[in-house]
Amino acid sequence: MDFFHVIVVLLESTIRVSVPLIFAALAGLFTERAGVFDIGLEGKMLGAAFAAGAVAAVTQSVWMGLLAAILISIALSLVHGYASITQRGNQIVSGVAINFIVAGSTVILGEAWFRQGGRTPALGEGSRFQTITFPYADSVREIPILGPIYSDLLSGHFLLTYVAFAMVPISWWILYRTRFGLRLRAVGENPGAVDTAGISVLWLRYRAVICCGILCGFAGAYLSLAMTAGFVKGMTAGKGYIALAALIFAKWRPFNIMLACLLFGFLDALAIRLQGNPLPLIGQVPVQLMQALPYILTVILLAGFIGKAIPPKAGGVPYVKER
Amino acid sequence: MSTPYAKLPGWVEYGLIPLINLAVAFLVAGLVVLLVGENPLEAAYHLINGAFGRGEYLGFTLYYATTFIFTGLAVAVAFHAGLFNIGGEGQAYVGGIGVALACLWLDQTMPWFVVFPLAILGSAFFGAAWAFLPGWLQAKRGSHIVITTIMFNFIASSLMVYLLTRVLKPLGSMAPQTRTFAEGGQLPKLDWLLAIFGLNVGTAPFNVSFLLALVAAFCVWLLIWRTKLGYEMRTMGHSPSAARYAGMSESRITVITMMISGGLAGMMALNPIMGEQARMQLDFVQGAGFVGIAVALMGRSHPAGIIPAAVLFGMLYQGGAEISFEMPSISRDMIVIIQGLVILFAGALENMFRPAITRLFTMQSRRAAVVTQTKGA
Amino acid sequence: MDNIAIELRGIDKSFGPVHANKNINLKVRKGTIHGIIGENGAGKSTLMSILYGFYQADSGEILVDGKPVAIRDPNAAIAAGIGMVHQHFMLVENFTVLENIMLGAEDSQILNKGIAKARVELKRLEREYALEVDPDAVIEELPVGLQQRVEILKALYRRADILILDEPTGVLTPAEADHLFRVLEQLKSQGKTVILITHKLREIMAITDEVSVMRRGEMVATRTTAETSVEELAELMVGRRVLLRVEKGEAKPGEVKLAVEGLTVKDGRGVTMVDNVSFNLRAGEIVGIAGVAGNGQSELLEAISGIRRAVSGSVLLNGKPIDVTGRADPSELRDRGLAHVPEDRHHVGLVLKFEECENAILGYHHDKRYLNGVFLDVDAIRKDAEKRIGEYDIRPPNPRLKTANFSGGNQQKIVLAREMERGPDVLIIGQPTRGVDVGAIEFIHKRIIEMRDQGKAVLLVSVELDEIRALSDRILVMFAGRVVGERDPDATEGELGLLMAGVEGRKEAAE
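Protein chains in written order, with the numbering used here: chain G, 566 to 888; chain C, 264 to 640; chain X, 507 to 1017.
Everything labelled a hint here was simulated from the structure, so no lab data went into it. Computed from a prediction, not measured in an experiment: that's the story for all the values here. Honestly, I wouldn't trust all of these hints.
Said to hold, decoys possible - Listed below are the simulated PhoX-like cross-link pairs for lysine-lysine, each with C-alpha atoms no more than 25 Å apart in a straight line:
no., chain 1, residue 1, chain 2, residue 2
1, X, 826, X, 772
2, C, 491, X, 893
3, X, 694, X, 533
4, C, 403, G, 816
5, X, 533, C, 491
6, X, 908, X, 859
7, G, 878, X, 772
8, C, 491, X, 573
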């Protein structure tokens, strides 16, 4: 039973750390499927986390915080969109730039406005998300196996956690079952086909970029309004890049993204769990190896040793009408 | 048609347009300063004064510039072959191993001028080795080099934490860093160089690796424009199909270019490790690998542009520290913003002002033509 | 007047200094097949792109059914009942046929309803025009002919009354082309108007009712097809009767320089592009390879010159094998006396951003005379370039000018000078005069003959049949990857044309 308990705790923390990854990777899914590469997920998430923390602290409203997160993240997406869609600039360069601008300005503005060493003020009960407890969660906990799964694994998460997992089928549905999704996937493969069909390539890509902004907004808000009570400088700590890795690892497919994020989240949770505890048979695993594993796995996948990750064909290439 | 922009005179192309992009980046940065309730002009004064006002300040500025010359050159070399090496950060970090090993081995028995060449080789070797795999994976397996180098940055970071906390740390010490090097592991300062201009370097760690950076810049120029390999790299960068036609091996060039690029990034480690701290610490790279992207973009991937761009960023780093001293609400993170803005305006938005400027120039030349015509008639 | 489907009045369009369309006037009658013919670069595609809203004309007017319409984007064109089948298909390759046809005309925000409707409509169109295609097939798995069919269905699905086809047969097998023409006849009989852009006279004569000729951006004439002749159209197309009879003496073929045996090449998708090709090339002769573009000529050249790997077969250069199925290295082949003027000078033969003198050593940069150890001998390179600029009359005579700033003809001369100057034993030339001005054409042709007279072996590929006939001592015709016949240069155009269309060839192979 003790072992089972460990597993439940491990999975529970897996879910907790996977949520921002799922949001951010789905965000990347929308832009990259539309042919705009985005390594600025990190920056957007960070900007959103800051906006959420700051606004929630000032207004005392978690919803205002969430709204601010989404708006800021969309604004940053539009900057990326303007550079890479309208100005046809290098998408990688633009993403790098946004990451830096956000990393710097969240600290500068945070310090100027709140003077707490780059933090936003700690949020009280009303201005942050609370966990949701399912009905009878407490009374059924004692039931073997199913009890803890219901009470600890399924129940007791933040609203945004459920939203994240709901976003997986929703994103799938949008991409594969709506007109917008059809066009979005088409523009990432052959923008010429979209243009000659009388659809604006630019506006379509802008909409994809906005979708990305919304989802990154959720990711950031989760960090500062749910996972912790307030913004801490640099709190994304590379999650945007792990999400990017997960997106590639999932070969740009929604359900694979969820699995990849859960896998990477699990590795993260395991790394924390294993700190100082040797594994049976294997012995002591350096925690750094566990931390590096998502990146190593992605590199191995990219190298084509486990399947082949084929990115959208028009990805990274600005659209120019050709004669 | 295929040429969207008309041809502009060289001084506009390589002088005016980059300057305008830079000016806009600084204007936006000034807005941020306004936003936090400070005076941008005052900040600019502190920035420039803090970077150049005294021999010591200048020494710090050039110390930072040294670092950025290396990482800027690293990015530029890869750009010429059409490769985006975003992994300078990790390569510089791993390059530190080479420096540390040379110093730990010989610092107590040999003078610096024996240790230094070995450290150069070591840093270049380790940096190149860290860049080799992404290069090889792109050449042979088709993995996108941007993504792999990003991944390698994180892997490098984990690797270095592991090494510094478990392997390279002296017994009994708590801090994740190597022991402090003896004299043989410390580079002499370039106080005499500033003294020529009547300046006192003070405590600034401005050291001989600056000269090495200048030599490296010259060597990169030689490599790109005066060697067969450089010719092949540029051919591949402009047109992979032409390179194939000319019988150049794409995979060979990719791997070699990445190794040169990684080697240059690795050499950056000499400056902080041997030139300043006399030991290898966690996170000694401090984002210099990414600054290299900004420097290479601003310097148009040409060593003659990279050196001033590196000095500019050196100025930001040093002057930025002074600003935060004088104006507490502007911390050193201001530099990070400016860096991002420069990457945005000099890189991703480099063509934003071009149409307007082109129009201006065609208008002017047309007017000039009319004037000569009327004169002729 | 009411039977005019489309009228263009005074259409004018410039791209920077290039005047692509000059004051174009055109009337296309309803329910006809109207051909627009002209050489490569005559401005046909630009004109049609304007009609489809891909570009805006600088001035001029478009009338559909007698009413002026503003066609600002493809949407407006579609609304005006214009559909277009592009030369390079505008299809999403990993989508199904149905998804491609629906794209942009989905009817509702949610796909399911639209899909059902589209399926029904597609079935109807398939029946009506005999255009069967599996709606659930993925595009990239379909042969080219079927992909084109999807493009036509796309236009019909959008209720196009006027269908523009841009060089539709370039990528088709003859059987597919025949079927396409039957489809076009069918469309015509249903009252649709078809505009067919091509540079192939045979197609014009075979299927059109009327034909308009474009030359260097101008619409020079419109004729009723039944009342004109191939000769008249050809003359209108070219302007003056270009003297393609290049002065040349009798060939004196010597020993075999290049022996190709059973060469087979496949493309990335595993489609056989060159199919068991064998021939010999002797010193002092020009062998021309004729064929419609896309019948394997490009791949043949690339395989021989070591750029593309062959699947099987052997090639002997001066009696010694080239490892065409393995590690054939273009630079090693150059050392062994094989020079190659590639078909695509913009992306392959030259680096347009390089200075002229840098391009003058492309592929020969290993040559000792340009090197000091690992360093380039810049002085030697520039001197050498200057010398050749003089010899080949390259203008402007500035070795440090960016190559992109030279005209097409001068760019081609840079490549030719580089490849000819070392006196290779075998010279492979692809499309020597594509996009080259008339003056340069004569110069280039003379040089090629000179090479032959110096005893070099020349292999020539061109889609311009006239050029092949004027220069070659022997002509091989390629069709669907195979050499389907060999002819003397005085074989008639009709005879060669039939071979190129794969008609005679099949008989010959069967015998």
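| Which hints, by number, does the structure contradict? | 5 and 8
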